[in-house]
Amino acid sequence: GAGVSQSPSNKVTEKGKDVELRCDPISGHTALYWYRQRLGQGLEFLIYFQGNSAPDKSGLPSDRFSAERTGESVSTLTIQRTQQEDSAVYLCASSSTGRQPQHFGDGTRLSIL
Amino acid sequence: KQEVTQIPAALSVPEGENLVLNCSFTDSAIYNLQWFRQDPGKGLTSLLLIQSSQREQTSGRLNASLDKSSGRSTLYIAASQPGDSATYLCAVKGGSEKLVFGKGMKLTVNP
Chain A
52 GAGVSQSPSN KVTEKGKDVE LRCDPISGHT ALYWYRQRLG QGLEFLIYFQ
102 GNSAPDKSGL PSDRFSAERT GESVSTLTIQ RTQQEDSAVY LCASSSTGRQ
152 PQHFGDGTRL SIL
Chain B
5 KQEVTQIPAA LSVPEGENLV LNCSFTDSAI YNLQWFRQDP GKGLTSLLLI
55 QSSQREQTSG RLNASLDKSS GRSTLYIAAS QPGDSATYLC AVKGGSEKLV
105 FGKGMKLTVN P
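Heads up: the sequence lines are chains A and B, in that order. According to this note's numbering, the residues represented by the first sequence are 52 to 164, in order. According to this note's numbering, the residues represented by the second sequence are 5 to 115, in order.
Each hint should be verified, as a subset may be incorrect.
[As the list claims (entries may be wrong)] Pairs of lysine-lysine, DSSO-like flavour, derived with a Cα cap of 30 angstroms:
1) K62(A) / K72(B)
2) K66(A) / K108(A)
3) K110(B) / K62(A)
4) K72(B) / K107(B)
Just so you know, these hints were derived from the structure itself, not from any lab. All figures in this text were calculated on a predicted structure; none of them were measured in a lab.
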């Protein structure tokens, strides 16, 4: 596709379960970003990938959060032992270089019961 | 630590008005600034990106300006339409690759 694709679009799970969120960036974009948008709050940076490496993981809120990227393409954000405060929209973005705009997917809306 | 502020948080106007949306940031050492719109339940759509060396960018009815020294950017929307109703977000990139976002301004344009 032409844009950033995220799946699933919605995820409802019970507290304590693990979840995996997927991002397919725009083809050829080497930079990939994950952000979180909690209700009533601004977007928070989570992690940045350049190729398959993550030079900036400073936004990951705890060690329950991890992410990987393979083939300089697909990325997966994993949240282990989910808590209610993890409920948010998780947005993925990609860009071709740091000087170019970041293009966002529609996000995954995660609800923890 | 960079902080981005957008005031007001919400604005409701009649159709046809020319609008100015404000964004301020605390650290003037930015690399670029990007304006987005977000429709309910959707991701962010990039509207305009201004590099730190630029003063303004234009796209159709939209014009964004940047005054880096004073830590301000404005997004000008000419002849507003109901389809412009959305949340508008300003974000800056500093020394790192991440964007720092304001909380957004919810715009409602009434027919």
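Each hint, compared with the structure:
no. : hint             : result
1   : K62(A) / K72(B)  : violated, 40 angstroms
2   : K66(A) / K108(A) : holds, 24 angstroms
3   : K110(B) / K62(A) : holds, 26 angstroms
4   : K72(B) / K107(B) : holds, 20 angstroms
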